[in-house]
Amino acid sequence: MSMKELPTIAQLWFDLDTGAAKAADVIALIRENVALYEKDINAYINLYLDEAEELARSQDSTRYPAGKTPDLAGIPIAIKDNICVKGKPCTCASNILKGFVAPYDATVIERLNARGAILVGKTNLDEFAMGASTETSAFGPVRNPLDPERVPGGSSGGSAAAVRYGGAVAALGSDTGGSVRQPAAFSGLVGFRPSYGRVSRWGLVAFASSLDQIGPITRTVEDAALIYSVIAGPDPRDSTTYPQEPEEMDLTGELKRGVKVGIIKEFFAELADERISEAVQTPFKEAGIDLIEVSMPEVRYSISGYYLLAFSEVSSNLARYDGIRYGLRVSKLGLRETYSASRAQGFGEEIKRRILMGTFGLSAGYIDAYYNTALRYRAALAKAYEKAFSQVDFLLSPTAPTVAYKLGEKIHDPLEMYLGDIYTASNALAALPCISIPAPRKVDGLPVGIQLTASRYQDAKLLEFAHAVERI
Amino acid sequence: MSVGKQIVKVADLARLDLTEKETERFGAEFDKILAYFSELQEMKMEGEILLPYPCPRAPDDPSSCDIDIEGLSRHLKEGYFLIPPWLA
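Protein sequence lines correspond, in order, to chains D and X. Read in order, the letters of the first sequence correspond to residues 1 to 472 in my numbering. Read in order, the letters of the second sequence correspond to residues 473 to 560 in my numbering.
Among the clues, some could well be false.
Said to hold, decoys possible - Here are the simulated lysine-lysine pairs, DSS-like style, with alpha carbons at most 27 angstroms apart:
{"hint": "1", "chain 1": "D", "residue 1": "K265", "chain 2": "D", "residue 2": "K383"}
{"hint": "2", "chain 1": "D", "residue 1": "K406", "chain 2": "D", "residue 2": "K39"}
{"hint": "3", "chain 1": "D", "residue 1": "K352", "chain 2": "X", "residue 2": "K504"}
{"hint": "4", "chain 1": "X", "residue 1": "K516", "chain 2": "D", "residue 2": "K88"}
{"hint": "5", "chain 1": "X", "residue 1": "K504", "chain 2": "D", "residue 2": "K406"}
{"hint": "6", "chain 1": "X", "residue 1": "K504", "chain 2": "D", "residue 2": "K98"}
{"hint": "7", "chain 1": "D", "residue 1": "K332", "chain 2": "X", "residue 2": "K516"}
{"hint": "8", "chain 1": "D", "residue 1": "K4", "chain 2": "D", "residue 2": "K383"}
{"hint": "9", "chain 1": "X", "residue 1": "K504", "chain 2": "D", "residue 2": "K387"}
{"hint": "10", "chain 1": "D", "residue 1": "K4", "chain 2": "D", "residue 2": "K406"}
{"hint": "11", "chain 1": "D", "residue 1": "K98", "chain 2": "X", "residue 2": "K549"}
{"hint": "12", "chain 1": "D", "residue 1": "K442", "chain 2": "D", "residue 2": "K260"}
{"hint": "13", "chain 1": "X", "residue 1": "K493", "chain 2": "X", "residue 2": "K481"}
{"hint": "14", "chain 1": "D", "residue 1": "K352", "chain 2": "X", "residue 2": "K493"}
{"hint": "15", "chain 1": "X", "residue 1": "K481", "chain 2": "D", "residue 2": "K332"}
{"hint": "16", "chain 1": "D", "residue 1": "K332", "chain 2": "X", "residue 2": "K549"}
In short, the hints are calculated from the structure, not lab data.
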């Protein structure tokens with residue numbers, strides 16, 4: 001038996017619209033792939049295949065006038081398990097949320113449902129989306145379907161693995177400092193992080209609220225654009241959403257003449273693996289696009305700036321898990337003792353590390369040296385990006401400094417793990433839209449991600465360009 | 473004093489019980505990680521600490537939240553949310 005290839009969203013929509021395919025048949029293929037791979041890969045925390053099949057059958061029996069089938073009708077999608085789906089457990093891959101059932105739908109889920117998407121299951125992740133390898137999940141690590149000895153990337157590793165092995169046609173992940181883009185890169189998929197504020201965070205369990213964004217993991221840029229156009233838009237329940245609807249896209253696949261693509265000198269100078277640098281730059285050179293070097297010394301500090309802010313927000317956001325309001329409780333004589341014991345048992349190692357670092361960085365006497373300094377850094381970095389975008393339309397970099405590494409290789413050295421976010425933290429800090437697409441050339445037989453970044457709210461232009469680059 | 477040595481105090485502030493082993497490990501890691509983060513002090517940065525982008529909308533509107541109150545009603549009594557007793 002081998003993997004049953006699934007169609008892309010665009011293909012499937014066309015086939016469902018013309019009656020050439022049935023949604024229930026696609027669920028049946030997914031069922032076969034799940035039976036074949038899920039036990040080894042561990043992409044899902046909960047699967048809802050029976051409900052999905054029922055919904056698919058009802059979609060199949062609905063007749064839409066030709067061309068009027070809703071954008072995602074009958075499309076099976078996997079959802080990262082830190083996004084709330086009403087009536088379903090939302091674990092965030094943590095023991096502390098044991099037994100928690102989401103009482104409402106996240107805005108992105110409402111939007112997907114309104115366009116007929118089918119939920120296949122909730123995918124595994126690093127605990128509370130904190131990690132870059134999906135090894136910190138309380139439900140066990142996820143393995144990369146391309147090579148089960150290797151990690152799928154993270155924290156949306158379950159979403160990437162599910163799409164990779166044909167367990168869903170597409171997936172939603174969340175990206176705080178690279179958690180959609182890096183697993184997409186490690187899995188040879190497309191991962192898109194919209195501009196901060198383009199997609200509502202209502203119903204996404206908070207990790208670092210000033211950075212978290214929901215984004216799609218798909219097989220093609222076109223599919224990412226389709227999902228983005230459904231989930232993006234203003235939401236009165238998230239005050240950070242941008243007030244305008246996303247602009248129309250024109251996915252012609254043609255490279256516009258005169259497009260200016262920049263590379264950040266400091267990124268490439270510090271890249272250890274020349275082969276990754278080449279895999280990323282070659283397609284552009286072959287297409288006759290000159291790469292314009294821009295200098296941004298600020299990016300050197302992006303790991304420090306990113307993690308200091310993220311840790312601080314973690315310590316504040318995760319204070320709500322006290323053993324009283326949600327999930328697990330370790331009862332002790334005394335409220336404070338109950339808090340401390342429940343948190344000690346409910347949180348995994350990486351969560352504890354981040355809460356402690358954040359608590360320290362926000363504490364009296366240190367807040368200026370750490371948290372406030374990181375805020376100042378973020379403002380300076382955003383200005384540096386603004387300056388770069390006065391010279392170029394897009395910035396090009398690798399998505400990650402390595403290809404997918406082996407399980408256990410980095411998990412015992414937190415700093416080493418954090419440094420893997422070097423290319424994905426700075427544009428997230430500056431609230432910019434960015435996308436990872438697979439490079440045509442592999443390294444050691446494993447996929448390499450090409451990352452493109454655009455200026456803020458230029459999401460549509462970025463997707464149009466990435467779509468053209470994908471075809472080089 | 474190294475940060476690692478303050479770990480017990482920080483853990484208390486964070487309401488987190490640590491085992492002896494965890495105290496030792498996190499303490500050692502903190503010194504290493506914070507030494508790396510101190511590079512940020514090298515950058516000359518002026519006063520501004522605002523978010524680098526505007527948050528253009530009015531504050532959240534919780535009235536538009538359609539939480540299923542009926543589904544939660546088994547936890548509701550006289551306008552309060554009931555939680556299980558926490559005393560052992």
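Taken at face value, is the distance from the CA of K88 (chain D) to the CA of K516 (chain X) at most 27 angstroms?
Status violated; Cα separation ~49 angstroms.
Next pair to validate is K442 (chain D) with K260 (chain D); report whether the Cα-Cα distance is within 27 angstroms.
holds, 25 angstroms
CA of K481 (chain X) to CA of K332 (chain D), is that 27 angstroms or under?
The hint holds at about 20 angstroms.
Taking only the CA atoms, is the gap from K98 (chain D) to K549 (chain X) under or equal to 27 angstroms?
Roughly 24 angstroms between the alpha carbons, so the hint for K98 (chain D) and K549 (chain X) holds.
Given hint K406 (chain D) paired with K4 (chain D) - CA-CA distance at most 27 angstroms
With a Cα-Cα distance of about 26 angstroms, the restraint between K4 (chain D) and K406 (chain D) holds, given a limit of 27 angstroms.
Take the C-alpha atoms of K332 (chain D) and K549 (chain X), compute the straight-line distance between them, and say whether it is at most 27 angstroms.
Since the Cα atoms of K332 (chain D) and K549 (chain X) sit roughly 25 angstroms apart, the hinted pair holds (cutoff 27 angstroms).
Taking 27 angstroms as the top limit, are the C-alpha atoms of K332 (chain D) and K516 (chain X) close enough?
violated, 48 angstroms
Quickly compare the C-alpha distance for K406 (chain D) and K39 (chain D) to 27 angstroms and report which way the hint goes.
Holds: K406 (chain D) and K39 (chain D) sit about 19 angstroms apart, inside 27 angstroms.
Is K4 (chain D) within 27 angstroms of K383 (chain D), Cα to Cα?
Distance ~47 angstroms between K4 (chain D) and K383 (chain D) Cα, so the pair is violated.
Holds or violated: are the alpha carbons of K352 (chain D) and K493 (chain X) at most 27 angstroms from each other?
holds, 13 angstroms
Quickly compare the C-alpha distance for K504 (chain X) and K98 (chain D) to 27 angstroms and report which way the hint goes.
violated, 33 angstroms
If you draw a straight line from the CA of K352 (chain D) to the CA of K504 (chain X), is it 27 angstroms or shorter?
holds, 17 angstroms
Hint compliance for this structure: hints 4, 6, 7, 8, 9 are broken, all remaining hints hold.
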